[in-house]
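*Asks:* Chain residues, written in single-letter form:
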Amino acid sequence: MSIEALVQVLIGGILLGGLYALVAFGLSLIYGVVRILNFSHGTLLAVAGVAASLLYAAFKLHPVVIMLVLVPALFVFGYFFYTVLLQPLEKRNHFESTVGTVLVTVGALLILSDLTAKLAGATQRNIPLRFEAIEIGEIVISTTQIWIFGAIAVLTVAMQVFLRRTWFGRAIRAVTQDPVGARICGVNSSRMKAATFAFGSSIVAIAAVLYTMSFPVDPYMGFGLTVKAFTIIILGGIGNLVGALLAGIFLGVAEGLTGFFWKSEWAPALSVILLLGILVVFPKGLGRSR
Amino acid sequence: MSRTGSLSKLALLVAAGGVPLAQNTYYTTFAFTILVAFVLAQSWDWVAGEMGYVNLGHYAFYGIGAYAFAIALVGKYPTGLAMVFALLVTGLAAALLAVPLFRLKGDYFAFGTLALLPLAEVLALNLVPITNGSDGIVLPPENVLTRAYFIALAVCVVTVLVSARLAHNRFGYALKSIRNDEEVAEVMGVRIFPAKLAVIVLAAAFAGVAGAIQAWQMSFIDPGTVFGLNVALVPVAMALLGGSGLLWGPLVGVLLLATMQQWLLVNVKGYQATIYGTVILLIGRFMPGGLLRAGWVRRLGLLRGLTQEHHERITGAQSAGLHSAGAQSPTVCVEGMRTLPLVPRKTDRSRVLLECREVTMAFGGNVAVDRVNLKIMEGEIVGLVGANGSGKTTLFNCISKVHEPRSGGIFIDGVVLAGMRRDQVAHLGVGRTYQIPRPFGDLTVQENIAVPLMFGAERIKPREALAQAREFVAYAELESRMTDRADALSLQEKKALEFARALACKPRVLLVDEVASGLTPAEIRRFVGHIRDMRDRYGLTVIWVEHIFSALAQVVDRVVVLEQGTLIADGTLDEVVADERVLRTYLGGATLKAAAHA
Chain A
1 MSIEALVQVL IGGILLGGLY ALVAFGLSLI YGVVRILNFS HGTLLAVAGV AASLLYAAFK
61 LHPVVIMLVL VPALFVFGYF FYTVLLQPLE KRNHFESTVG TVLVTVGALL ILSDLTAKLA
121 GATQRNIPLR FEAIEIGEIV ISTTQIWIFG AIAVLTVAMQ VFLRRTWFGR AIRAVTQDPV
181 GARICGVNSS RMKAATFAFG SSIVAIAAVL YTMSFPVDPY MGFGLTVKAF TIIILGGIGN
241 LVGALLAGIF LGVAEGLTGF FWKSEWAPAL SVILLLGILV VFPKGLGRSR
Chain B
1001 MSRTGSLSKL ALLVAAGGVP LAQNTYYTTF AFTILVAFVL AQSWDWVAGE MGYVNLGHYA
1061 FYGIGAYAFA IALVGKYPTG LAMVFALLVT GLAAALLAVP LFRLKGDYFA FGTLALLPLA
1121 EVLALNLVPI TNGSDGIVLP PENVLTRAYF IALAVCVVTV LVSARLAHNR FGYALKSIRN
1181 DEEVAEVMGV RIFPAKLAVI VLAAAFAGVA GAIQAWQMSF IDPGTVFGLN VALVPVAMAL
1241 LGGSGLLWGP LVGVLLLATM QQWLLVNVKG YQATIYGTVI LLIGRFMPGG LLRAGWVRRL
1301 GLLRGLTQEH HERITGAQSA GLHSAGAQSP TVCVEGMRTL PLVPRKTDRS RVLLECREVT
1361 MAFGGNVAVD RVNLKIMEGE IVGLVGANGS GKTTLFNCIS KVHEPRSGGI FIDGVVLAGM
1421 RRDQVAHLGV GRTYQIPRPF GDLTVQENIA VPLMFGAERI KPREALAQAR EFVAYAELES
1481 RMTDRADALS LQEKKALEFA RALACKPRVL LVDEVASGLT PAEIRRFVGH IRDMRDRYGL
1541 TVIWVEHIFS ALAQVVDRVV VLEQGTLIAD GTLDEVVADE RVLRTYLGGA TLKAAAHA
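Protein sequence lines correspond, in order, to chains A and B. FYI, the numbering for the first sequence is 1 to 290, going by my numbering. FYI, the numbering for the second sequence is 1001 to 1598, going by my numbering.
No lab work stands behind these hints, which were simulated from the structure alone. Glycine residues also receive a C-beta, built at the ideal position from the N, C-alpha and C atoms. One or more of the hints may lead you astray.
[As the list claims (entries may be wrong)] Coverage of chain A stretches by chain B, computed from C-beta distances (three or more under 8 Å per stretch; other residues unrestricted): (1) 77–89; (2) 223–229.
[To be verified] Only part of the chain B face toward chain A is listed, based on derived beta-carbon distances under 10 Å: (3) GLY1106; (4) TYR1108; (5) GLU1121; (6) GLN1262; (7) VAL1266; (8) ASN1267; (9) GLY1270; (10) THR1274.
[What the hints assert, rightly or not] Calculated cross-link-like contacts (lysine-lysine; reagent style DSS-like; alpha-carbon spacing at most 25 Å): (11) B:LYS1269 to A:LYS118; (12) A:LYS91 to B:LYS1196; (13) B:LYS1105 to B:LYS1196; (14) B:LYS1196 to B:LYS1375; (15) B:LYS1375 to B:LYS1346; (16) A:LYS60 to A:LYS118.
Working from the sequences, and respecting the hints, build out all of it.
*Replies:* Here's what the structure looks like:
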């Protein structure tokens, strides 16, 4: 157990956590505006990740090109998933719309992962694209990791600017804070909801490509990711991107350290235990929602 | 109606007892699967249908039960003891998990509970010394199908009986009130957390026993079969497919979906999870209320008995008794006002019943109630007035413990309220209405009033409470709406119901929050009569928040004025009306001129 190995684990943890945060961004935006917890959100990453790796294997496309293909694809998917399957449920009473959305999104989770496994195989896949490695003493950092770090940072800043400076971003924040008030002020909430659902889903495509470049994906990993994203939202606050990024990095590092000091098999349990623990100590979550 | 319902269900189960006689393993196994699924779906619905909490991790308890049983059986304990062990372990697990999980509401709760499945799976995979990891546990090979079948049948019978009890007993009404509005339920005297804990432990114990029986019959379990996401949601889908909260819902759903599942197993290879997923998705999209609530099913006369909602069953049972009761006891009283089953109290005007000492309540930096000192004497009617946002409702919320005041003390008859729960305050004798009515929407008018009667300081049985509730309904002049759902009432009827429900708390001090706004002059007169009646006939103390000053003026002994959270005037009507600050800040210039003219 050398210091270098620990630093290596920390770097891996921060990277993984940043990717978790990207998944959480979409879930958080969607929950803030549409008030639906999309149980299939993480599964979208698994599917998009498998698709990305297939695209890379077949055409040797550059990751950015793969993103350009997948982002609109998931945007369209998200849009129709919401408008066709979820929006009609809003008209029902509270209990029915709650169980309805839960069943629809859980059903989608099962279908997406099973179909992906049947069509592409249930094996683990990745994008075996490796840039050269940089060595600082004993610590090895691949250029891939640096690119991914950069992408996460740029994306977080871009999202933040988008939410604060653009009309659509402000409308998202307005609806998150007060749906009725926003509607009175002329925000068309039903179109907003569909757009946000599509937008939140499309961010997953970027996260999926970055994820698949550094970690393996498989069709069944999705729900685990959704649980992590949910834990991150509870930790960081709904709609709070910076909080989500910090919470994501915290979770990623904690998982890395679990593997380092104990056994990596326990890492998946960490987010659930953390979630239950937070709920006991801080019933209202840690972060302030924005 | 429900009695015949559970009788016919029991008859169905007795008939199911004949299945093993056919000596056909295939059919017996299939029937066994249905029995186990029914226990799971129905016990899930105690938490969801009765209490309104969607527990997606219910199947985890089934798995925990299966593991506990298997471990005990492999450890050479007798089967019966192993079952009891499974029951205790799941019950304990549910009790421990209830604390964090019930911090969550709505879809958050659904999510938190669903996360239990991957957690349980990781535990089962990694605690190799106990669970044997991914290899699973193999039980001693033994043909136990017939025995397992009859045990499952017995558990089903108990499940049906518990469901029938829950539809009408006090515990069931606690769950129903929680489903509708937790805060109001607590203000009406229901103890919330023990009820939630009890129902989840009860449901988990049944799921655990179901898991134990299933493990016994299959003689093998591994993490995937008892914690897998795709199998775990099947009982939930079954209950919802039939109709959550309906007496027959889970059973119908189980029969339909289990039959379909069996057909798929035989006829379709592969794509199982996709088909399950599609079925779950379609149920969610098109009939989250369940098949038995779909319009075309309800129109089939044949199924009338199966499709009845809780309030419709109540309607049927009550309207039969209504005529006879009406004939016996005409409850109309001399002044044209009905009497209430309240014990008149002797009042002592020199005794302080409610006291606020330096009460302060702030939301963030916004001080809503600022060091308010107030003494209310027994048997007084006090009008509490002030501009909108002056802190009147916040003060009510502090007294009924909806908010915990930031500082200061509130005393009822000398007892300090600090550290008390809302139900304890209700039992001390605080009854209240809400400015925006909050009736229990899916209960009948009669049941709404019966809830505080059942959960009052002296607890009475639901049957008696429902009978007593009629007199309150009559007092509120809602007889024609007695068996209607409360959410079908008009706003004025809801306000009348709120008032009657507050009285049904049998309070010593009644907090009335803007009940008269929106009433016609005649209705206001009648309402003022009610308030006066409360004081003069029953010895109640009343604090009445109202903007209709003329209504207050007819009946109040004293007026207290709040302005931006502080108490600016406290005196008789004449004194307050003459107070310059009150005129300036609340009553306004016009009144000032009118007063000058007078």
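*Asks:* Find the hints from earlier in the document that the structure breaks and name them by number, from lowest to highest.
*Replies:* 6, 7, 8, 12, 14
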